[in-house]
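Colleague: One-letter residues, chain by chain:
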Amino acid sequence: GESVGLHLPTLSVQEGDNSIINCAYSNSASDYFIWYKQESGKGPQFIIDIRSNMDKRQGQRVTVLLNKTVKHLSLQIAATQPGDSAVYFCAENIPPLKTSYDKVIFGPGTSLSVIP
Amino acid sequence: NAGVMQNPRHLVRRRGQEARLRCSPMKGHSHVYWYRQLPEEGLKFMVYLQKENIIDESGMPKERFSAEFPKEGPSILRIQQVVRGDSAAYFCASSLDQVRDNSPLHFGNGTRLTVT
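From first to last, the protein sequence lines stand for chains A and B. For what it's worth, this note's numbering labels the leading residue of the first sequence as 9, then goes sequentially. For what it's worth, this note's numbering labels the leading residue of the second sequence as -10, then goes sequentially.
Everything labelled a hint here was simulated from the structure, so no lab data went into it. Treat the hints loosely; a few may be bogus.
Derived coverage of chain A by chain B (criterion: at least 3 residues anywhere in the stretch with Cβ under 8 Å from a Cβ of chain B; other residues may be distant) [claimed, not checked]:
# : stretch
1 : 54 to 68
2 : 83 to 89
3 : 109 to 122
Quick list of in silico lysine-lysine cross-link-like pairs, DSSO-like style, CA-CA up to 27 Å [unchecked claim]:
#  : chain 1 : residue 1 : chain 2 : residue 2
4  : B       : K16       : A       : K111
5  : B       : K33       : A       : K79
6  : B       : K60       : B       : K16
7  : B       : K16       : B       : K33
8  : B       : K40       : A       : K50
9  : B       : K60       : B       : K33
10 : A       : K111      : B       : K40
Don't be surprised by glycine CBs; every beta carbon is placed ideally from N, CA and C.
Generate the whole structure from the sequences, applying the supplied hints.
Modeller: Okay, here's the thing in structure tokens:
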């Protein structure tokens, strides 16, 4: 469903370690997923996306894994750097059932803090 | 290629006044979305527009809020008779095509509305 008002879960990692940020999505019909990074005072920034017919996609230092069986998405960041400190959101695209348009729903977000 | 431009960045209004938030999508993008974000929370969908048409306004309060995306000029989110509960960051996003066609949302840096 819609993102609800929740205090952000937080993740603290040591600089240089790998980070794994998890997301449970809501709709089994969702066909496209996107990870965003939001730094303080800024808008969400696109990181990586994946379609539902894939289970893994890699980018530069980031990997997204999709498990449709349990409706779970994860973002792995290799060799985490201080500049990775931000809030990370997953988003799912819900295709139309009765309408002609999609709907993009955001998860509640995870705050990543990198310890130098 | 300029990104999504929102103005003003900060807007202060007294209770009862009107707030007008502007959004210029990325060049060539004809899909515009408005989201609202409270501190330490996720993004909540408000409205989805294409040129001259409101496609989905299911997330927007029926009273006091309106949105438009005219043939020429920016998209406008208008809040009449603002109340303290309207204080939030309002983000605009645009996409080239429908999201299902691997066309992610690109966000502006938001307008932070404070109602005093």
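Colleague: Now tell me if each hint is right for this structure.
Modeller: Verification of the supplied hints:
1. 54 to 68: Since three or more residues must qualify, the claim that chain B covers the stretch 54 to 68 of chain A holds, with 3 doing so at under 8 Å.
2. 83 to 89: violated (count 0)
3. 109 to 122: holds (count 9)
4. K16/B / K111/A: Roughly 22 Å separates the two Cα atoms, so the pair holds.
5. K33/B / K79/A: holds (20 Å)
6. K60/B / K16/B: holds (14 Å)
7. K16/B / K33/B: With Cα atoms ~25 Å apart, K16/B and K33/B stay inside 27 Å; holds.
8. K40/B / K50/A: holds (26 Å)
9. K60/B / K33/B: Distance ~26 Å between K60/B and K33/B Cα, so the pair holds.
10. K111/A / K40/B: holds (17 Å)
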